[in-house]
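There are 2 protein chains.
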Amino acid sequence: MQPRRAGGVVKRTSHQDESCAIARPLDVIGDGWSLLIVRDAFDGLRRFGQFQKSLGLAKNILSARLQTLVAHDILRTVPAADGSRHHEYELTEKGLGLFPVLAALRQWGDQHFFAPDEVRARLVDKEQHRPVATVEVRSADGRRLGPGDTEIRMTTALG
Amino acid sequence: MQPRRAGGVVKRTSHQDESCAIARPLDVIGDGWSLLIVRDAFDGLRRFGQFQKSLGLAKNILSARLQTLVAHDILRTVPAADGSRHHEYELTEKGLGLFPVLAALRQWGDQHFFAPDEVRARLVDKEQHRPVATVEVRSADGRRLGPGDTEIRMTTALG
Chain A
1 MQPRRAGGVV
11 KRTSHQDESC
21 AIARPLDVIG
31 DGWSLLIVRD
41 AFDGLRRFGQ
51 FQKSLGLAKN
61 ILSARLQTLV
71 AHDILRTVPA
81 ADGSRHHEYE
91 LTEKGLGLFP
101 VLAALRQWGD
111 QHFFAPDEVR
121 ARLVDKEQHR
131 PVATVEVRSA
141 DGRRLGPGDT
151 EIRMTTALG
Chain B
1 MQPRRAGGVV
11 KRTSHQDESC
21 AIARPLDVIG
31 DGWSLLIVRD
41 AFDGLRRFGQ
51 FQKSLGLAKN
61 ILSARLQTLV
71 AHDILRTVPA
81 ADGSRHHEYE
91 LTEKGLGLFP
101 VLAALRQWGD
111 QHFFAPDEVR
121 ARLVDKEQHR
131 PVATVEVRSA
141 DGRRLGPGDT
151 EIRMTTALG
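Respectively, the protein sequence lines represent chains A and B.
Residue numbering for the first sequence follows the numbering used here, beginning at 1 and increasing consecutively.
Residue numbering for the second sequence follows the numbering used here, beginning at 1 and increasing consecutively.
Among the hints, a few may not be true.
Claimed, not checked - One-sided excerpt, in silico: chain B residues whose CB lies under 8 Å from chain A:
| # | residue |
| --- | --- |
| 1 | A104 |
| 2 | V119 |
| 3 | T156 |
Everything labelled a hint here was simulated from the structure, so no lab data went into it.
We put the CB at the ideal spot given by N, CA and C, even for glycine.
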């Protein structure tokens with residue numbers, strides 16, 4: 001890939017005005033906790049207390065992260081299945097769209113952050129109970145692409 | 001996916017003792033800046049000053065992030081190509097392994113954080129100049145998998 005931006009030296013607190021589709025989402029999911037909340041939602045967790053137990057996160061911080069994820073339409077709140085006054089959280093379609101991102105990150109972590117004989121959580125195909133295939137980048141016509149086979153182009157969604 | 005961990009409520013400052021391959025890497029790349037440095041490295045940036053100009057990040061923070069990325073074998077330092085005393089940064093094999101993660105994140109951002117007619121940086125195939133295919137999760141035998149087709153299993157790299 002080639003350098004692709006004429007960037008001025010500005011101290012940013014937000015990435016919303018950037019033309020990079022990696023940068024913009026980072027305001028929402030760029031702190032690790034938010035990504036772990038999304039992971040937990042993929043794993044079937046729905047209640048505040050479940051996230052709290054899973055993450056061991058202070059309630060005020062968890063609450064703020066959940067609110068941000070809801071505000072950005074990654075999670076939505078729904079009434080509790082048991083009819084209690086508590087609400088539950090579930091992934092929106094936008095949130096579900098993070099599945100390949102988390103799968104690829106999980107595989108990278110799996111490969112580089114664990115000893116071979118160390119037990120870790122792996123993503124397996126429910127039908128065959130085998131680990132999913134390595135997530136790959138492919139061209140529109142199906143060729144496998146490495147970083148050197150790609151470049152960045154400034155364009156609209158139509159271009 | 002199903003709930004998969006018996007997690008105690010512990011306040012963590014590190015995810016290194018977790019059995020989740022999404023959590024462990026977050027100590028290294030879980031702050032957004034580190035991921036943007038890696039993005040810039042994929043885009044061909046090599047020098048401290050280039051990263052600084054691209055990211056608009058305070059020198060001490062950029063320096064600390066680069067050191068962490070080098071310490072975790074995601075970037076390595078190499079002598080400058082022009083023989084000057086400065087060194088340059090390049091992605092290691094481990095760092096290059098983040099390519100599908102960044103590609104999937106870029107596509108998700110592209111889809112959800114931009115208006116259709118807004119210009120954004122897209123990843124295209126150098127050969128055909130077309131955007132790369134949507135990154136997907138597939139089974140070992142090539143079936144396309146959604147979140148509901150997968151589950152988490154605790155296993156070693158061999159299982």
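Comparing the hints with the structure gives:
{"no.": "1", "hint": "A104", "in the structure": "4 Å, holds"}
{"no.": "2", "hint": "V119", "in the structure": "5 Å, holds"}
{"no.": "3", "hint": "T156", "in the structure": "5 Å, holds"}
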